[in-house]
Every structure is written in structure tokens, then in C-alpha cells.
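Just so we're aligned: the sequence shown equals residues 3 to 393 in my numbering.
Take the hints with a grain of salt, since some may be wrong.
EDC-like mimics (lysine to aspartate or glutamate), calculated; alpha carbons at most 16 Å apart, straight line [unchecked claim]:
no.: 1; residue 1: Lys244; residue 2: Asp160
no.: 2; residue 1: Lys244; residue 2: Glu127
no.: 3; residue 1: Lys244; residue 2: Glu265
no.: 4; residue 1: Lys219; residue 2: Asp302
no.: 5; residue 1: Lys217; residue 2: Asp302
no.: 6; residue 1: Lys123; residue 2: Asp222
no.: 7; residue 1: Lys9; residue 2: Asp113
no.: 8; residue 1: Lys217; residue 2: Asp113
no.: 9; residue 1: Lys123; residue 2: Asp176
no.: 10; residue 1: Lys261; residue 2: Asp302
no.: 11; residue 1: Lys147; residue 2: Glu215
no.: 12; residue 1: Lys9; residue 2: Glu39
no.: 13; residue 1: Lys147; residue 2: Glu265
no.: 14; residue 1: Lys147; residue 2: Glu126
no.: 15; residue 1: Lys9; residue 2: Asp50
no.: 16; residue 1: Lys219; residue 2: Glu265
no.: 17; residue 1: Lys219; residue 2: Asp140
no.: 18; residue 1: Lys123; residue 2: Asp103
If you're looking for bench data, these hints aren't it; they were derived computationally from the structure.
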Amino acid sequence: MDLIVMKRGRIVVLHFAAQMPLAGIAWQAMHYLLGIEQLGYEAWYVEDGGANPYDPWANSVVTGCDYNVASLRRMMDRYGFGHRWAYWDAPRDAYYGLSRDRVEALYAGADGIINLCGATKLREEHLLCPVRIMIDTDPIYEQIKYANADRAARAYLDAHTHFFTYGENLGTPDCPVPVCGIPWRPTRPPIDLTHWPEPHDEPPCFTTVGTWENKGKNIDFEGSTYVWSKHVTFVQFLDLPKRRPGICFRMAMLPPSGKVRSEITTRGWSLVDPRPISADMARYAEFIGGSRGEFTVAKDIYVRSNSGWFSDRSACYLAAGRPVVTMRTGFSNFYPVGRGLFEYLTYDDALAGIDAITSDYPTHSRAARDLAREYFAPDRVLGALFGAVGL
Numbered sequence: 003m004d005l006i007v008m009k010r011g012r013i014v015v016l017h018f019a020a021q022m023p024l025a026g027i028a029w030q031a032m033h034y035l036l037g038i039e040q041l042g043y044e045a046w047y048v049e050d051g052g053a054n055p056y057d058p059w060a061n062s063v064v065t066g067c068d069y070n071v072a073s074l075r076r077m078m079d080r081y082g083f084g085h086r087w088a089y090w091d092a093p094r095d096a097y098y099g100l101s102r103d104r105v106e107a108l109y110a111g112a113d114g115i116i117n118l119c120g121a122t123k124l125r126e127e128h129l130l131c132p133v134r135i136m137i138d139t140d141p142i143y144e145q146i147k148y149a150n151a152d153r154a155a156r157a158y159l160d161a162h163t164h165f166f167t168y169g170e171n172l173g174t175p176d177c178p179v180p181v182c183g184i185p186w187r188p189t190r191p192p193i194d195l196t197h198w199p200e201p202h203d204e205p206p207c208f209t210t211v212g213t214w215e216n217k218g219k220n221i222d223f224e225g226s227t228y229v230w231s232k233h234v235t236f237v238q239f240l241d242l243p244k245r246r247p248g249i250c251f252r253m254a255m256l257p258p259s260g261k262v263r264s265e266i267t268t269r270g271w272s273l274v275d276p277r278p279i280s281a282d283m284a285r286y287a288e289f290i291g292g293s294r295g296e297f298t299v300a301k302d303i304y305v306r307s308n309s310g311w312f313s314d315r316s317a318c319y320l321a322a323g324r325p326v327v328t329m330r331t332g333f334s335n336f337y338p339v340g341r342g343l344f345e346y347l348t349y350d351d352a353l354a355g356i357d358a359i360t361s362d363y364p365t366h367s368r369a370a371r372d373l374a375r376e377y378f379a380p381d382r383v384l385g386a387l388f389g390a391v392g393l
């Protein structure tokens, strides 16, 4: 497609769906691209953060990017963006998809850049675009770094012109983390329900997809350490299946060791290999659609900060008509709970949510989908975002 073709405006999404070729991450990017198009803008995708790619089958960072580029190409071809993407292989300084010159021209002519997840440290070529939107999908970490006067963190954020976060409580008395003058605005994941068919069944298993432990991003603030990982919260609720032995609970997760695997399975959880599920966007959607609902935890950093964060994966479960039981992060200030969506901090709260769903599944299934339609529709989420930045 010719670069001069215009709609309401040209929006470039920066992300890492190739560098981290997992279906949940791919859906995150695609929901933005599709939503941007639905609002009448022209969406482009560029991945030029420079990080070495990850190979999920090797469960390791690698140097070659063939698998990653092929994954991105399939994704873009499938959803109509086959001529509107680029991937920069930094170690070899090679571009795939759009050429280097076309990418630089794209930045210079774009009406806005969305730095989704803050995936890219903006450089001079990005600064040619007058509207540079930071979408902080993992709140609290960058805000604490900024508050701790981390110079690199401040330069990284200050390169943007507009700031949005999934931490909807940030900047309010409900969240103790300061915003240091950064005008953070609340936003949430856009979810296109047309890609999540309405269910007509009642599958047996509550499921979730995820990583047991993330390392390297724990952070200290005012005498407390906030842990950027789920394992510290998951261990608190591993006995849930034993308390409801008639209900199936399943994790799509690779345990980091045999000890962790045994700890999970002896508590009554079923484990499945997440790699085939996460290797394909359709298969990932089928896994969610084939679930009774989601039971999951949230990272310690989101919970103890009362951030207001809500998971884009959980929003996909809701869109598929699959109820969600997840940890309290303060999101109930913004979303109704008790029908299709439940929050908890204790076993009693978690079990009450599971029991409510089980007692009247059709009602909670419908409520889940209705909630997704009401609160995560792309026209509402992205319409508000673009209106706020003047696009």
C-alpha cells in the first residue's frame, strides 16, 4: 500500500510481537491495529526496539530472527496488514517488511505514534512525529523508577508527548505511587468482540495462561520491595483445587523446575504446555473459548499498589463469554464486579466467585461478554484516547 494513502490520519504502533512471538502478545498488538482501522485511521506496525528475539520453543533469547519474522509476517498477512509492517534486526542492522527508508518516511509523515507497552526507547527518527503516545500496560514499575530519580527512566518517558496507563488508579488517593508531574491518563485494553465468538456451551475447566516467575524487574520504593512476578501471589492460592475438588483447574504454563511442577500438580492443578497454544493466535483464542472461565492471580506490584490494572488476557476471556475470577488490584473502581467478573484477596472471596459462576453459568457467561462490550470496545477505548490527544 502506498505511503501517501490517508484516512483520518496515519498511526504507527510500536510493539514487540515478533521479538516475543506469543499469541497473547500478538493479540495485544492486533487489537490496537484493528481498532485504529475501525475508527477510520490508517494503522501501521513497526518493531524497532532492537532487543534480541526470543524463541519460545527453546525458551531462550536467540540471535537469529527467522522464526520471529515469519511469525510476524503470518500475523500481518492474516489480518490485512501485509504491506504495513517492519521489523528491525538490530544485530545485523537489517530490515524486514518495509525498508529502512520507508520506515523513516513513515515516522516523518505519521500523525501519531503509539508506543505500546513502551516497547521502544524513542530515538531521533521517532521524534519527527509530533504526537508520541506512551501506553503503559504494566504500571507502577516506570512510575517508581521516575520517582526514584532514575535519569535513564526519566529520559525514556520524557521523549513522549502523551501518557496513558492501564493503572487506572494512578494519580488518585487510592494509589500510593507518585506520578511526579507526568500527566498520566487512564486507558484500558481494546478488545474486538468479532474475533471472540459468543459461546453456547459450558466447558469444564477454569484456566489461565502465563509465566510462573519473571525476574529482573523487582523494585524498591519507600522501604518496600514490589515484586514484578506472579509466583509470589500464585503460591498463596495453590490449594484452591483442593477446596473445590469437583471443579477442574488448568494452567497453560511451563514450570521452571521439577520441584515447581510437583508443587503445582500435587495441589490439584492440571498443567498443559503453553507453547502450542501460544504459537498461533487462533489456537490461543480456541483455548480461551474452550475454557469455563479464567481463574488467575496478578503480579504483586499491581496488587499491593492498588494500581487499578486489568489484564488484556482477562479482557479476552470476558469477550469470549468466559467469566473471570482475578485478584483485586483496584479495578473494581472502574468495572462492575459480581456478575461475570469477580475479584478476590482471600480464599473465601475466590471460592465465592467460583461458586457463583458454577451456580448460574449462563447468566455469568452473558454478563462477561456484555462487560467486554461495554468497557473494552475499541471505538470507546481508542476513541477516548485519540480525542484526548487531539487526533
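Consistency of the hints with the structure:
no.	hint	verdict
1	Lys244 x Asp160	violated, 49 Å
2	Lys244 x Glu127	violated, 55 Å
3	Lys244 x Glu265	holds, 13 Å
4	Lys219 x Asp302	holds, 12 Å
5	Lys217 x Asp302	holds, 13 Å
6	Lys123 x Asp222	violated, 23 Å
7	Lys9 x Asp113	holds, 11 Å
8	Lys217 x Asp113	violated, 36 Å
9	Lys123 x Asp176	violated, 30 Å
10	Lys261 x Asp302	violated, 22 Å
11	Lys147 x Glu215	violated, 21 Å
12	Lys9 x Glu39	holds, 9 Å
13	Lys147 x Glu265	violated, 34 Å
14	Lys147 x Glu126	violated, 23 Å
15	Lys9 x Asp50	violated, 24 Å
16	Lys219 x Glu265	violated, 24 Å
17	Lys219 x Asp140	holds, 11 Å
18	Lys123 x Asp103	violated, 19 Å
In this structure, the hints that do not hold are numbers 1, 2, 6, 8, 9, 10, 11, 13, 14, 15, 16, 18, in rising order.
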